[in-house]
Each structure stands twice: as structure tokens, then as C-alpha cells.
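> Turn these sequences into a full structure, and let the hints steer you where they fit.
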Amino acid sequence: MFLLVLAFVSLSFQQQGFDPNAKVKAVFLYNFTKYFEWPPKMKSGNFIIHVIGSNASLNQELNKMAASKQIGNQKLEIKSSQSYDGSIQPNIIFLLNDVSDKLKDIVSKNKGKGALIVTEKIGLAKAGAAINFVVIDNKQKFEYNKGNAVKAGLKTSDELTSLAIAVD
Amino acid sequence: MLKYLKSYHYFKNTLGVLMVFLCQNYFAQNDSLFKAQTFCNEKKFSQAIQIIDKVVLNPETSSDPASWHIRAYAYLQTYKQTGSSNTSKAYLLDTAMYSTLKSMKLDSKSEYKENNDGFIKNGASTYYKLCTILLQDSLNLYRSEKFYNNYRKYTIIINPTFNLKAKDIEYYNAAGGQFGELYTKNNFQQKFGDYAKMALLKVLEIDSKNIAANINLGILYYNQGATLMRELEYDVKLDQLDVVQENAKKLFKQSLPFMMKVYELQPKDARAIEGIEGIYSALLDEEKASEFKQKKEALNKK
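Order-wise, the sequence lines are chains B and P.
Under the working numbering, the final residue of the first sequence carries the number 168; numbering is consecutive throughout.
Under the working numbering, the final residue of the second sequence carries the number 302; numbering is consecutive throughout.
Here are the computed lysine to any residue pairs in the SDA-like style, where the Cα-Cα straight-line distance is at most 25 Å: (1) P:LYS288 / B:VAL134; (2) B:LYS139 / P:VAL244; (3) P:LYS197 / B:SER10; (4) B:LYS69 / P:LYS237; (5) B:LYS139 / P:ASP242; (6) B:LYS34 / P:ARG230; (7) B:LYS139 / P:LEU251; (8) B:LYS102 / P:GLU286; (9) B:LYS79 / P:ASP235; (10) B:LYS75 / B:PHE36; (11) B:LYS64 / P:GLU233; (12) B:LYS64 / P:VAL243; (13) P:LYS253 / B:PHE28.
No wet-lab data here; the hints were simulated from the structure.
In C-alpha cells:
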């Protein structure tokens, strides 16, 4: 009996150019801006997120976000570098895992300047970061050290504490 | 195609012999049956059907295998006249097959066996053609599956030892791949993804070690999880973000066993290794993701 041969379609992963974890972190970073008040001098010009370290997909996702979102009246701008750059006056510093040993130095240089310091390595919320991403039960969560945010010169909201893992 | 044409001409030729035979035996018994046969000989099948439909309801002729055989032939030819593999007129084919089965059941002397078998064989291959058309062109899985089941039913009548499992795997793998691709191309519409999963799971019910079904299911579940993440609005509230993460996590976890199965069966399958790395990465298990990344790199070096 002659029969047609059915074509078999081999599917492909939809991960080219898309990293779910980068998206989640971008959403978190955008949300954090709702829970802090930056000093008046940081409320003009662009709202800068400075990513320090290597993560191409995160940078891509943040730039995509910057193209469609604003923070209040401020245009969102993403800057990325492998090391700390003192000439940049960021609203948020996101210190990635591969350069997290620079935290202490960055915290001291930014004390009172109004930069929210975000990290992604266990223990860093106790070592100077205001927010530290952690993985719990295969999900992205975050630790929040209110004291570190205040030291950085930010006004904080207690509401964030209820959504975070509080760290003193 | 050649076989299909051969069988068609075979029916045409044998019909002549059959008609003579039927004329001799039944003319005296039933004038209507003879008229139906005459119309068939003249290729006036719609007129033949008008008569033969009454013949099979008449108590005198309803138990005659010839009545049902002529009816099957008339409907089969009428169906062919509607065009090659016409999906909208498939009810004509259904009637032809039903009539053939009735004729076979009543044909205690096997007078029509050869022709009836031919009808069934012809019907089975036509149903298969219809199921492929509906799957590949119209993307109507429900109707396609109905025709596929008809193909199965009639194939097993003709050839009880036929390996339907292999055909089932081929059909449902094709359906799963087809709808999986449609899911991707149509902005990840849930219904297409669900059709694909249903079809691929049917393959695994038959053969749990089927590589193609396992890999496509793993990819489908992963893609569904990734889609939830992709569709996230940047300003979604943090408590809602947690819900989306939870749902995506469940899908990533569902994806993993299918990919692991492929890896167990084929430890050097690059797609499986890369897939597992991606799944662990999505599950934020960097240790495991790194392990499979190293395996991928080692494989690429070879």
C-alpha cells in the first residue's frame, strides 16, 4: 500500500537571544526603583543603571527595557563595564558575580552618593550591598539590607522589606 | 502512487466481470439492483446511488452482499469524482467503507472478497492521505486523527499483522512536531502547544524511549516556561513575578526528565546536552548547568 511519508518537524529551543534569568533580574531592577527615593541631584538627567561585570544577555535585556521604559521623568540608560568607573554617576550599581570582590571598594566610594548597590552573591547583603539576589527553591529572590541603603544615601520604603529576605 | 493507480484500474477491469456476474444472478431477483448496476456501468454514479440506497433498505435485498457491494462501489467512485482526496466529501468514502464492511459480513461464500478487500485497501490509503492533508495543510488535528483512526481500522482488517505501532509513532511524532512548530510561529498560542504535547505523549505511551518525542517534549515544556518569562511586563508587581517564576519553574522541571531520558539513551546527543544545560540554567542551578556546559564543550572538541 502506497502511503505518503509524514514530515517530522524537529523543534528548537527558544533561548537564542533570550535568557529567562536576565529577564527576571531586569524586572526586579525596574521594580526596585519604586521603593527608593534618590537624592534630588540624582533626579535629573538620565536614570543610570551601571552594570559592572560580564553578562551579555543581562545587558541586552536591560537595554531592551531602557528602550521602552522610563523612571518617572527620567530616561533609563544602561552603562556597562568590566570595572568600576568613577566618572559615571549611577542611580543603581549592579555588581555581577565575576567582579563581586570589588564590593567593599565600590561601597566606600559611593557612600552617601545615592547609588543603590545590587549584587548577586551569597553573603553580600551583609558585606555592603543594599540588595543581593539569591536563589531559593529554583527561583530568584532577594535579600534587602535597609541599613546599607540608608548609608548609600537613599530614602527607603518599608514595603520592600515585606517582599524581601531581610538582612541586618 | 503507482500502486494506487494500479488498484484503481484493477477495480475498473474487475468491475466489468463483476457486473456480468451480478447481472446473471440477480436480474431476476431484483430489477432495482440491476438498474443500479447499469448506472454504475454507465458511470452514472449519482443515479446509481439513488437506487442502491433504496435497495439496501429493502428487506428482500438488504441481506444480499451484492447490494452492499454495488453501493460501496458507487460511493467510492462518486467520492473519486469529487477530486483527489477531497476532505470535505469524506462522508462518501465513509459510506463506501461502511457498505463494504456490510458486504463482507454478509458474503458467506466469499464471492466478493477480492473486490471488497480491494475497496478496503483503497479506502485505508485514502484515509491516510486525508489525515496527512488535514495535518499538514489544514492543521486540523481533530479531523486528521479521526481519519488516521479510520486508516488504522481498515488497515488491520486487510492485514491483521501490520505493525501499526510504527505508523502510530510516525503519525503522532509528525503531529507533535507540526503543532510544536505552529506554537512557536504563532506567538506561543497555548492550544497549539497543548496539541503538540498530547500527540507526543501518545508516542511515548507506545515507545517511552522514542528519541524524537522525548526531545520535542523537553523543548516544548522548556519553551512554554521561557514564554511565561518572555511575556513578563517589566513593571509587573513583585508578588506576581513570584507566581510567574513558580509556574515557569514547574514547566522547566517538567521539561527535564524528557531531556534526561534522551541523554541516558544517547549520552553524546548534542541537543540533549545543550538542552539540559539550558534547563538547569533556567532553574538557576548553576552547578548542574556548568556540568553540562563542560560536557557540551568536551563534545564539541571531539
